[in-house]
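*Asks:* The chain contents come next:
There are 2 protein chains.
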Amino acid sequence: MRDVYIAGVGMTTFGKHPERSAESLGWEAVRGAVKDSGFDRDRIGFAACGHVRQGPGIGQRTLRDLGMTGVPVVNVENACASGSTAFHLAWQTIATGQADVALAFGVEKLTDISGPLPLDQSLVMPSMGLVLPGQYALIARAHMEAHGVTPEHFAKISVKNHDHSTGNPYAQYQKTFTVEEVLESRVIADPVTLLMCCPTTDGGAAAVLCSDEVLGEDGAPHVRIRGSALRSGTLVGADTDLSEPTSLTARPARAAYEMAGVEPSDVDVVEVHDATAVGELTHYEALGLCEVGEAQRLVDEGETALGGRHPVNPSGGLLSRGHPLGATGVAQVCELTWQLRGEAHGRQVEDARIGLVHCMGGGPNGLDGDACVVAVLERM
Amino acid sequence: MRDVYIAGVGMTTFGKHPERSAESLGWEAVRGAVKDSGFDRDRIGFAACGHVRQGPGIGQRTLRDLGMTGVPVVNVENACASGSTAFHLAWQTIATGQADVALAFGVEKLTDISGPLPLDQSLVMPSMGLVLPGQYALIARAHMEAHGVTPEHFAKISVKNHDHSTGNPYAQYQKTFTVEEVLESRVIADPVTLLMCCPTTDGGAAAVLCSDEVLGEDGAPHVRIRGSALRSGTLVGADTDLSEPTSLTARPARAAYEMAGVEPSDVDVVEVHDATAVGELTHYEALGLCEVGEAQRLVDEGETALGGRHPVNPSGGLLSRGHPLGATGVAQVCELTWQLRGEAHGRQVEDARIGLVHCMGGGPNGLDGDACVVAVLERM
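So the sequences go chain by chain: A and B.
Taken in order, the first sequence gives residues 1 to 380; the numbers are from the numbering used here.
Taken in order, the second sequence gives residues 1001 to 1380; the numbers are from the numbering used here.
Extracted from the complex, chain A is given alone in its bound form (with noise of 0.2 Å):
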């Protein structure tokens, strides 16, 4: 396995773009992530889109309205974790030699999807007819009644998301909330409002990867890859203890852990798949980052806000930034490449060394979805 970098970044603004099409958005940030990268681009040999519902070919529509013909692409789809995987592809490619430049980017418009999936395809439990909420609800209430957890956490955690994403660029909201509008929102799942959940996006993120061999031929600051893991979920049951921490997270970062060589407290930096509010606290322990049934501690003593021992989504995560699914991991991956090189402004965690990107696809198999790649990143 070669070690692979991140050469360069790029991603639009999140938000609602009715006006344009999925492929400019995709093409808006490649290019930028190619500019970045310093490679002309065609030196990339292999590129991976990550989509859900932006239809056949979706990449190749995107690089063909830059002239980017020829090159292999694969479209991939693992729900939310599409740009995830798309991003592990790419990083599989150049490690194992297949390609010394590769791009990874994800794509989804959302606002004009139209009309809901089938039922059989949407990311519902069949086992429960639980919608995804419904799921983080019961969640919610498995760690409330196990640990102690209380609406407050989760709300704090919107209040911490949406806080960061004042200072990012990129986000869909630049707005802040307080403890008790986050609670006094819509209820969408009890005890999950409106104000917890992820809302609806569009938008475009790339990123350039490279191998040692050509690093620093274009002279930019650089990344590196340090582990990156692809799994998928394991069936949940009726008798699952929904308070402990899920192992769809849980065993890609044990895997990426130990392929770079770091332990949960050499993180710096982490931006997480906070679908929901509920999402992220349980992430915390599923990453390691506490102990089990310590996640509120994390969240009452600002351990990850900016300026905490491990800030978590500094981009203001999906909660804020805004999920556009296949889009999304990519997005993570951008934010870390800034945060690590220094570039964050406005909402840089400093002298951030190690930083970790955790993004899951919920789907059929419900609280333990389809999809979840976990990646560990090391400034140079």
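It is worth saying that the hints were derived from the structure and are not from the lab.
Just so you know, even glycine gets a beta-carbon here, dropped at the ideal spot from N, CA and C.
Be aware that a few hints might be false.
Stated by the list, open to error - Cβ pair distances, simulated, as ranges:
1) B:E1213 / A:P18: 49 to 55 Å
2) B:V1214 / A:E184: 55 to 61 Å
3) A:E343 / B:D1241: 46 to 52 Å
4) B:E1213 / A:D40: 37 to 43 Å
5) A:E258 / B:D1212: 22 to 28 Å
Stated by the list, open to error - Some residues of chain B that are not near chain A, with every Cβ distance over 10 Å (derived):
6) G1015
7) K1016
8) P1018
9) E1019
10) R1064
11) Q1092
12) E1180
13) S1185
14) V1187
15) R1231
16) S1265
17) G1302
18) G1308
19) H1310
20) E1343
21) A1371
Fit chain B to the given chain A structure using the hints.
*Replies:* The following block gives chain B in isolation, referenced to the frame of chain A:
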């Protein structure tokens, strides 16, 4: 790069299966391939699922129904080359040492797709507004003008593939036609007639691949993958000479031959992407089975029929085995595996040692498509 072997294959009958779910088509194929491989299904360390229109998470949903959870799954889409792309990724995963046993499968249920794709996501050349049969008709006309090809040549290819499929119990059709019947069937885009076009099909196909390190654990006969290459299309302009071999086929073919260390003349049996009979004729030249401008000679002399020098599509091809998009590329691998193991009863190419699979995905790049995979297989 490690040697990679095909340890087992399985597929459903192709055809109309209105009463079955896409998942059930998938798991019938996967179950067959796993059983054929002799490996315990828990040995599978990676799975790639090719599909075009089966919705998010189809790979995970299919495997979940078999109790195969936890395995890393990537859902891939590359238009009609989706299954081939899944095969290519599974090959690459083993070749590069990421897993010892991997699963490639494809599934598509087209009979109950609820409506056409939005125009901007369909397989239309945006610069010319041409749907696929129209593109093939242009190519046909160019070959007729430049090389003296006649509609009878296309009809003969359809007759040949329908003849072949009478020996294939997995084929959608087991019915022969005369040249006259093909020519007199309904005109789709002159000179392309209905019987020169592939039908609408449901089906699943799967292959279990393994490294040399675990080879022989199961005692089953094996086929070695000597080379596999994925490429994407380049733009086609109004000044393109459509009588030339498409570069989308020629480029991965050259790469696969080079990786395999074989020449086109070494190839004993071929499965090509005959979405139309016109396509098959042009692929003869792009794959190097003959010189440019000589494809019609192969047809006239029966060189690509069973018993000829280069039997093409002994399965019946897309034209008669059928074309369930994401399953097709994997079904081609199933057929060649059976051929190389001497198990293609009723359509066996005698003493076949080297096989070639070719599958391409059309798309908005139009005549030059989104993706093409060519792989060289060898009998052990």
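*Asks:* Look at each hint and say if it fits the structure.
*Replies:* Consistency of the hints with the structure:
Against the hinted window of 49 to 55 Å, the Cβ-Cβ separation of B:E1213 and A:P18 comes to about 53 Å, which satisfies the hint. For the hinted restraint 55 to 61 Å between B:V1214 and A:E184, the CB-CB distance of approximately 59 Å keeps it satisfied. For A:E343 and B:D1241, the hinted distance range of 46 to 52 Å is satisfied, since their beta carbons lie about 49 Å from each other. For B:E1213 paired with A:D40, a C-beta distance near 39 Å keeps the hint of 37 to 43 Å intact.
Under the hint 22 to 28 Å, the C-beta atoms of A:E258 and B:D1212, about 26 Å apart, fit the expected range. The Cβ of B:G1015 lies farther than 10 Å from every Cβ of chain A, with a closest approach of about 22 Å, so its non-interface assignment holds. Once the 10 Å rule is applied to beta carbons, B:K1016 is consistent with being away from chain A; the minimum gap is 20 Å. Every CB of chain A is more than 10 Å from the CB of B:P1018 (nearest about 15 Å), matching its label as outside the interface.
With a least CB separation of 15 Å from chain A, B:E1019 remains clear of the 10 Å interface cut-off, as annotated. Listed as outside the interface, B:R1064 is inconsistent with that label: its C-beta sits roughly 6 Å from the nearest C-beta of chain A, within the 10 Å cut-off. Its closest Cβ contact with chain A, about 7 Å, brings B:Q1092 to no more than 10 Å, contrary to its assignment away from the interface. Annotated as non-interface, B:E1180 keeps its C-beta farther than 10 Å from every C-beta of chain A; the closest such distance is 36 Å.
Every CB of chain A lies more than 10 Å from the CB of B:S1185, the least distance being 28 Å, so the non-interface label holds. For B:V1187, the condition that its CB be more than 10 Å from all CB atoms of chain A holds, with the nearest at approximately 27 Å. The beta carbon of B:R1231 is not kept farther than 10 Å from every beta carbon of chain A, the shortest such distance being approximately 6 Å. Every beta carbon of chain A lies more than 10 Å from that of B:S1265, the smallest distance being close to 27 Å; the non-interface claim holds.
No beta-carbon of chain A is positioned within 10 Å of the beta-carbon of B:G1302; the least distance is around 35 Å. For B:G1308, the requirement that its beta carbon stay farther than 10 Å from each beta carbon of chain A is met, with the minimum near 32 Å. No beta-carbon of chain A is positioned within 10 Å of the beta-carbon of B:H1310; the least distance is around 27 Å. For B:E1343, the non-interface assignment is confirmed: its Cβ lies about 31 Å from the closest Cβ of chain A, beyond the 10 Å cut-off.
A Cβ of chain A approaches the Cβ of B:A1371 within 10 Å, the least distance being about 7 Å, so the stated non-interface status is violated.
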